[in-house]
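*Asks:* One-letter residues, chain by chain:
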Amino acid sequence: MMRLRQWYERFLESIVIVLMVTLAVEVLIGVTYRKLGMSLAWYDEIASVLLAWLTYYGAALAAYKGAHIGVPELVRLMPRAWRVATVYVGELFVFAFLILLAWTGVSVLDVLATDTLVSLPKIPVSYTQSVIPIASVMIIIAEALHLPERLAEARADEPVIVTTGDP
Amino acid sequence: MDILYIFLGLIALILINVPIAIALAIVATIAMIVVGGTNALPNIPLVMFNGATNFPLLAIPMFILAGAIMNASGISRRLIAFASALLGFIRGGLAMVNIGASMFFAEISGSAVADVAAIGSILIPAMRKKGYPRAFAAAITSSAASLAIIIPPSIPMILYAAMADTSVVQLFVAGIVPGIIGGLMLMGSAYWFAVRFHYPVEEVFQLKRLWVTFKDASLAFTLPIIILGGIFGGFVTATEGAALAVVAALVIGLIYHELDWAHLKAATIEGGVQTAVVMILVAASALLGTYLTEAQVPQTVARTISAWTQDPLAVLAILNIFFLIIGMFLHSAAAIILVVPIVMPLVLAVGIDPVHFGLIVTLNLAIGQQTPPVASVLMTACSIAKANVWEVTRVNIYFIAVLLLVLLLVTYVPVVPMGLVDFFYR
Chain A
0 MMRLRQWYER FLESIVIVLM VTLAVEVLIG VTYRKLGMSL AWYDEIASVL LAWLTYYGAA
60 LAAYKGAHIG VPELVRLMPR AWRVATVYVG ELFVFAFLIL LAWTGVSVLD VLATDTLVSL
120 PKIPVSYTQS VIPIASVMII IAEALHLPER LAEARADEPV IVTTGDP
Chain B
0 MDILYIFLGL IALILINVPI AIALAIVATI AMIVVGGTNA LPNIPLVMFN GATNFPLLAI
60 PMFILAGAIM NASGISRRLI AFASALLGFI RGGLAMVNIG ASMFFAEISG SAVADVAAIG
120 SILIPAMRKK GYPRAFAAAI TSSAASLAII IPPSIPMILY AAMADTSVVQ LFVAGIVPGI
180 IGGLMLMGSA YWFAVRFHYP VEEVFQLKRL WVTFKDASLA FTLPIIILGG IFGGFVTATE
240 GAALAVVAAL VIGLIYHELD WAHLKAATIE GGVQTAVVMI LVAASALLGT YLTEAQVPQT
300 VARTISAWTQ DPLAVLAILN IFFLIIGMFL HSAAAIILVV PIVMPLVLAV GIDPVHFGLI
360 VTLNLAIGQQ TPPVASVLMT ACSIAKANVW EVTRVNIYFI AVLLLVLLLV TYVPVVPMGL
420 VDFFYR
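Protein sequences, first through last, are from chains A and B.
Using numbering that gives the first Met the number 0, the first residue of the first sequence is number 0, and each one after it goes up by one.
Using numbering that gives the first Met the number 0, the first residue of the second sequence is number 0, and each one after it goes up by one.
If you are wondering where the hints come from, they were derived from the structure by calculation, not from laboratory data.
Everything numeric in this text was worked out from a predicted model, so none of it was measured.
Cβ atoms here follow ideal geometry from the backbone N, Cα and C, with glycine treated the same way.
Be aware that one or more of the hints could be misleading.
The calculated label-pair distances, taken between Cβ atoms and stated as ranges, are [what the hints assert, rightly or not]:
no., chain 1, residue 1, chain 2, residue 2, range
1, A, Lys121, B, Phe234, 31 to 41 Å
2, A, Val105, B, Leu183, 55 to 65 Å
3, B, Phe422, A, Gly36, 29 to 39 Å
4, A, Arg33, B, Pro372, 15 to 25 Å
5, A, Ala80, B, Leu403, 38 to 48 Å
6, A, Arg33, B, Ile10, 43 to 53 Å
7, B, Ile317, A, Leu91, 29 to 39 Å
8, A, Ala143, B, Ala316, 16 to 26 Å
Using the sequences and the hints, build the whole thing.
*Replies:* As structure tokens, this is what we get:
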């Protein structure tokens, strides 16, 4: 289990690094070409798609690290049994929504089957939009792997303070 | 009535610690199903994808990455050395250095949490060694870092500009004068503490040392000139300026021969996670926004409050109190994403300048980062100082009072934030 968790974390981290670096390089190429008076038609659209991919694949890593912005203060004040119960209830909502998102995300790909990007007609929209169902499943796995840690925190006498990714 | 249920549902989910982004998406989904039936379901993945493709917000990962590279390349240490040579001779020298270094760092980084982590990890242990109380060291580092988010560049300002559809460049310019005034006022209050509790002088002022540390940090000083000069001069957009900052930080790191690749890798991952947690909130709020706009909630809020008062000063007072309270319970990014789209019609209806209001919101949320229970910057400073949050807050209350004074000044003396904006852009 521990090895699976480590592997999954490294896998998500690799995706985030690749996307961050690709995004930075793409923006730089776009800026350079614009300054040289040869604006790239696909720059804005691809950068926006990369940002969406970073958002959702990064959200899977954030879920694994328990870094999504939340308000844990009230739960921390509850008695232990209530804390554990709220973790289960909260996770139920999270899993239910993510399963719905993954399902609707797949069904919408069929609808988009014939659409392509405006600036790069060779790339189908279903390819860029696939991030929603794929990342939803990845977030579900990350939440499931993070769950034992959350339950351990809820059962501890002194709940651990989890820092979030607020800028 | 439906709206009331939506907000109650949202609050209930947030209070049981469902991540705010998921809570937003859940209530929006339920609202969409109630209104449009299951036919509305395919809209959910489409809106959530489109919500995350907000082009101006590309500046967020870029500024976070630039900050991460700078942190991994020894720039913070050089800025602190220069601030020490410049301000260390004053009583309570390290507190002055702390505020000064935060202000320098803020001109490069757009994040208060990055600021408190970079400056605090070096200066809080140094202050402890010199005999400063733990609570004071954490409090001054924390407040200075939060003030720094009104000094450009600033991620909350980028978020606000996207949500309010206003100029990010003008917002950046509006933050300069209040940022400097706030920094000087914080230094004044830290000096009062230093005299009262006999905090030490750090070093004797030496012009030679000032010159040496300035030379050592000179490349770092070129960064704000390149980034801010480029953005303010209209040569590059905020996103392009952020990308420029990434390159400049990398080049400077390579010249300094101090680029720590392991640190850089960790910081890139952390930057990706920070970007994702903010952007997923933006995407989820787009989903709820679709419903709120259809239900005309922002317009209803505007009508209700403007029927009561049309005086911009009174509306600003109401909104200030509202944001100060919400800042205690929500992180700054969440507060901007949730509240700004709802109050903007009201702000515009009573004739408040959206740039002026943006600075007020940013400053309010900077104070929110200092007020428990939800206070990300204060928590980070306390964790570095290994200090109790409430003990730090007892000292920090004086610095929060200073930030409140700056807020009053910015709110009711518009020329303070808007003077430069009017001069350069209008």
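*Asks:* Hint says 29 to 39 Å; check whether the CB-CB distance for B:Ile317 and A:Leu91 agrees.
*Replies:* Holds, since B:Ile317 and A:Leu91 (Cβ atoms, about 38 Å apart) stay within the stated range.
*Asks:* In this structure, is the beta-carbon distance linking A:Val105 and B:Leu183 contained in 55 to 65 Å?
*Replies:* holds, 57 Å
*Asks:* Look at the Cβ atoms of A:Arg33 and B:Ile10 and judge whether their distance stays inside 43 to 53 Å.
*Replies:* holds, 45 Å
*Asks:* Would you say the C-beta atoms of A:Ala80 and B:Leu403 sit inside 38 to 48 Å of each other?
*Replies:* holds, 41 Å
*Asks:* Is the distance from the Cβ of A:Arg33 to the Cβ of B:Pro372 consistent with 15 to 25 Å?
*Replies:* Because 46 Å falls outside the window, the suggested range is violated.
*Asks:* Range hint 29 to 39 Å: satisfied by the CB atoms of B:Phe422 and A:Gly36?
*Replies:* holds, 31 Å
*Asks:* Note whether the CB distance of A:Ala143 and B:Ala316 lies within 16 to 26 Å or breaks it.
*Replies:* violated, 47 Å
*Asks:* Could one say that the CB atoms of A:Lys121 and B:Phe234 fall in the range 31 to 41 Å?
*Replies:* holds, 34 Å
Checked against the numbered hints above, the structure breaks hints 4 and 8 and satisfies the rest.
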